[in-house]
Amino acid sequence: MKLKKILNIRISERVSFIILLVLLAVLISLPFFTPGQYFLRTATNIGIYAILALSLNITTGYCGQVSMGQAAFMAVGAYTFAILNTMHGVGFFPAAFVGCCVAGVAGFILGMPTLRLSGAYFVIATTGFSEVIKVIALNWKSMTNGALGIKNIGRPIVFGFELTNANGGQYYIMLLSLAAVIWISYAIKTSKFGRALNAIRNDELASNLMGVNTSSQKVLAFVISAMLAGYAGVLYASMTRYIEPNTFTTDMSTIILCIVIFGGMGSIRGMIIGALLLISFPEILRFMATYRFIVYGLILILMMRFRPQGMLGGVGDKPYKLPKGVKRKSYEQGGGVNGVT
Amino acid sequence: MALLEVSALSKNFGGLIAVDAVGFEVYEGEIVSLIGPNGAGKTTIFNLLTGVYKANKGHIVFDGKEITNKSTQDIVKAGIARTFQNLRLFKDMRVIENVLIGNHIHTKYRLFDLLFRTRRFRSAEALSAQRAIDILESIGLGDHIDDYADSMPYGVQRKLEIARAMATDAKLLLLDEPAAGMNASETKELLDFIKLQQKNGYTILLIEHDMNLVMNISDRVYVLDYGKLIASGTPEEIANDPRVVEAYLGKEEDDDEDA
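Protein sequence lines, in the order shown, are assigned to chains D and G.
Quick note, the first sequence lines up with residues 1 to 341 if you use our numbering.
Quick note, the second sequence lines up with residues 1001 to 1259 if you use our numbering.
Just chain D, same shape as in the assembly (with noise of 0.2 Å):
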């Protein structure tokens, strides 16, 4: 009986590492069977929303707080980097890294004193800021070119060689910032700061007395939020290469918060999962696309009613991976190995 158990777990772990290689294989191979560049667009900006969702997954799923700032964040990130870019003439490395920066920097300021706030108060408070940073788009024309936007804006170049859409360039820096992004979520998840700010969500006071800095790793949560949705606005800027204030919105805050609920908060494959779903929706329906705020606000509800935790979230029944070299007696003594490292 124990054995079998012992050989499903075994199984069923090999089966899911063999789907992730076919599924890896799959996604780095897209670009050479792609039916044309319209659909490598779509992967990649799927991607981009899947970095936005783990961006926000990590102060709204992790730690809780629900904020509506990401588009802005990702507007600081964009704008930052398009001004060096074009104005400057700064390379895509360089200013991107500026760019995230610069968003982190936006995050502080606004997580600071805001992070008091609790519940729809903080969500009020991030959504005022994103219309701060519209108006100042649309205002600051020295900087930002007013509502004309900013075109021409520079794509990567890795040694001479320009990465666009055609050539499958952009898929692939996203891919791999996906994948910089995805280790990222999971490093903080595991980690006694990742706990931490599950602590803080399901209690706030009762961390505290545990000894837990609350305001500084809610702070800190919310500038690598920041920081994350500055570079997918990097991303999306050098992607599209026009960016202007009516490129971020609140709707689209609404779409990644959406992406996080939808997929299930504090799941990392939820967030991906979700990006897909919900990005791909709009492209495949596209005669109903004026709608998808209904077709989203409807999905919104369902889920509410049927699903709160989302498509991935709530509790697992994994056991508990405990670091190498931890012994637990009474395993030794049962003589159970179960599996637990």
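Derived from the structure by calculation, the hints contain no laboratory data.
Fair warning: there could be bad hints in the mix.
With a Cα cut of at most 25 Å, we get these calculated PhoX-like pairs of lysine-lysine [what the hints assert, rightly or not]: (1) G:Lys1195 with D:Lys329; (2) G:Lys1108 with G:Lys1077; (3) G:Lys1195 with D:Lys189; (4) G:Lys1108 with D:Lys324; (5) D:Lys321 with G:Lys1108; (6) G:Lys1091 with D:Lys318; (7) G:Lys1199 with D:Lys329; (8) G:Lys1199 with D:Lys321; (9) D:Lys189 with G:Lys1091; (10) D:Lys327 with G:Lys1108.
Counterexamples of contact, computed for chain D against chain G with all Cβ distances above 10 Å [claimed, not checked]: (11) Arg41; (12) Thr42; (13) Val98; (14) Tyr121; (15) Pro319; (16) Leu322.
We treat Cβ as the ideally placed atom computed from N, Cα and C, and that holds for glycine.
Based on the hints, put chain G in the right spot on chain D.
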């Protein structure tokens, strides 16, 4: 010298004086109980001791250091940890994760370490997990580390909250009504459990309404009423003190109080 020395501690909320010039000591290795009718200011004292509220007057000295009005984090680091009257576990986290949060301040690495999984990260995480498991096994929850806190029976959740406080490496545990909602056999088990922790070197200050538990467990008892300390002494002295009897049973209007 006492491990915890509280002198002339006062706290008022607007016009209401919740704690009025209260002073007491807890010596190392003792179990001290704080009792009194509902609203006497017991939990307020816990909140003052742990930094949730700021005192208006008075001093709290712990382990030779002044900790009055320090931040909650500093007080935990100094060695005081508490449990709550109404359980405040991290419900959708696992049992071991709850205990690991208790050990948060002793798990030392930086953001860089966690992103790059440095050796420092791995050894600190392993150390922390081992400590959590040792604590859980020592209190008989070794088989439940994977379970979610919310899914545990009530009595176990109470124990888990104590385990979480122990994981902070506290010297002094503040237990706020640990026996609340427990039946007689669970209370008996809790009594043995707390006594065992005393033997293991913990000093315990507890708030409790269950007189049976208080009388059996305490080395000394302090009695509060309307924010004032009205009596102190051994359990026997307290039980025979007319002021205490009056505070609990004295007047007709007080009859419905939960004693």
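We went through each hint and held it up to the structure:
1. G:Lys1195 with D:Lys329: Cα-Cα ~23 Å, so holds.
2. G:Lys1108 with G:Lys1077: Between lysine 1108 (chain G) and lysine 1077 (chain G) the Cα gap is close to 13 Å, so the pair holds against 25 Å.
3. G:Lys1195 with D:Lys189: Cα-Cα ~37 Å, so violated.
4. G:Lys1108 with D:Lys324: Satisfied, since the Cα-Cα distance of roughly 17 Å is no more than 25 Å.
5. D:Lys321 with G:Lys1108: Distance ~20 Å between lysine 321 (chain D) and lysine 1108 (chain G) Cα, so the pair holds.
6. G:Lys1091 with D:Lys318: 17 Å, holds
7. G:Lys1199 with D:Lys329: Given pair lysine 1199 (chain G), lysine 329 (chain D) holds - Cα atoms ~22 Å apart, limit 25 Å.
8. G:Lys1199 with D:Lys321: Given that 25 Å is the threshold and the Cα spacing comes to 32 Å, the pair is violated.
9. D:Lys189 with G:Lys1091: Holds. Lysine 189 (chain D) to lysine 1091 (chain G) sits at ~17 Å (cutoff 25 Å).
10. D:Lys327 with G:Lys1108: Roughly 20 Å separates the two Cα atoms, so the pair holds.
11. Arg41: 31 Å, holds
12. Thr42: 31 Å, holds
13. Val98: Its Cβ never comes within 10 Å of chain G, the nearest being 20 Å, so this holds.
14. Tyr121: Consistent with the label, tyrosine 121 (chain D) stays out of reach of chain G, its closest Cβ about 22 Å off (over 10 Å).
15. Pro319: About 5 Å separates proline 319 (chain D) from the closest Cβ of chain G, which leaves it inside 10 Å; violated.
16. Leu322: Non-interface label on leucine 322 (chain D) violated, nearest chain G Cβ at 5 Å vs cutoff 10 Å.
Of the numbered hints stated above, those contradicted by the structure are hints 3, 8, 15, 16, listed in ascending order.
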